[in-house]
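When you get a sec, could you build the whole thing from the sequences and use the hints?
In our numbering, the protein residues as written are 135 to 385.
Label pairs and their computed distance ranges (CB to CB): (1) D218 <-> D303: 33 to 43 angstroms; (2) Q300 <-> H278: 20 to 30 angstroms; (3) S331 <-> S167: 39 to 49 angstroms; (4) D354 <-> P164: 39 to 49 angstroms; (5) K150 <-> K216: 44 to 54 angstroms; (6) K216 <-> L259: 12 to 22 angstroms; (7) K168 <-> D265: 15 to 25 angstroms; (8) H165 <-> F253: 19 to 29 angstroms; (9) F253 <-> Q307: 11 to 21 angstroms; (10) K333 <-> K137: 17 to 27 angstroms; (11) D303 <-> D269: 18 to 28 angstroms; (12) Q307 <-> D218: 37 to 47 angstroms; (13) L276 <-> N383: 40 to 50 angstroms; (14) I250 <-> S167: 21 to 31 angstroms.
In silico BS3-like links for lysine-lysine, alpha-carbon gap of 30 angstroms or less: (15) K139 <-> K333; (16) K262 <-> K280; (17) K235 <-> K198.
No lab work stands behind these hints, which were simulated from the structure alone.
Given the structure is predicted, the values throughout are model-derived calculations rather than measurements.
Glycine included, each C-beta is placed from N, C-alpha and C at the ideal position.
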Amino acid sequence: MDKIKECEILMAMYKKGLLGGEIMPEDANPHFSKSSLENYLYFTLPMALNYQRNSYNLWEGANKTANDSTTSFVFNPHEVIKKDFLEVQEALVKYKVALQKNKQTEIWIKLCHTFINLFDGDIRLIFKENDYSVDKVRKFILAHKKDFPYISGTKLVNYWMYVIMQYTDISYQDPENLTVAPDTHVIKSTHKLGLISDKDLEDAHVQDIVIEAWKELLKDTPYKPIDIHTPLWLWSRSGFIPLDESVLNEK
Numbered sequence: 135m136d137k138i139k140e141c142e143i144l145m146a147m148y149k150k151g152l153l154g155g156e157i158m159p160e161d162a163n164p165h166f167s168k169s170s171l172e173n174y175l176y177f178t179l180p181m182a183l184n185y186q187r188n189s190y191n192l193w194e195g196a197n198k199t200a201n202d203s204t205t206s207f208v209f210n211p212h213e214v215i216k217k218d219f220l221e222v223q224e225a226l227v228k229y230k231v232a233l234q235k236n237k238q239t240e241i242w243i244k245l246c247h248t249f250i251n252l253f254d255g256d257i258r259l260i261f262k263e264n265d266y267s268v269d270k271v272r273k274f275i276l277a278h279k280k281d282f283p284y285i286s287g288t289k290l291v292n293y294w295m296y297v298i299m300q301y302t303d304i305s306y307q308d309p310e311n312l313t314v315a316p317d318t319h320v321i322k323s324t325h326k327l328g329l330i331s332d333k334d335l336e337d338a339h340v341q342d343i344v345i346e347a348w349k350e351l352l353k354d355t356p357y358k359p360i361d362i363h364t365p366l367w368l369w370s371r372s373g374f375i376p377l378d379e380s381v382l383n384e385k
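Here it is in structure tokens:
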């Protein structure tokens, strides 16, 4: 079957709820005002701890932390940098936002210092100062890689900007530059579709290979790489439900 057609089937199955995913991990949130600083910080700080773990558990913990008056301070960089390390650690561990209690607390505090030093605590400025450009924000973060632990990774930098687009009021000038975020599920689905080989799957640079594969496939089509991200993620999580071509004929 034509690869673009397979993508269209996957996207149609996703929209019809056939892949699951009616509730996504990030849907666990305090429902702050979309434009508020607290909302942008909520969808930024936990992202740096979103590796090699269950995303649903992470965001459930983040939501509980934000709604608990004894722990919600962790989402305010100005408050975090005033606190003793152990206070921050205790708050992050309480609802298992931080699983590696020392390392992940250090990452969280580092990001808070970065946001204070570069944007006076207002992470929204990273978008404003980079013309609301996906490409420019990505380049800025990669140029300051040490200041953005884990968020500057190939997977997370793209997924973070995607989540920001989904859950805040941001409007990017170049959303077509959002790539798939090549986590384990997206990589497996890309391989299942035959866009990458068995050899690619074992390559140390498989994330970059996946990103390029989707850029190339969707070039000169109506679709952006990020359009296929969630369908790919859910398809892998579902155990690769068979593609049903009939969904393309349903209204």
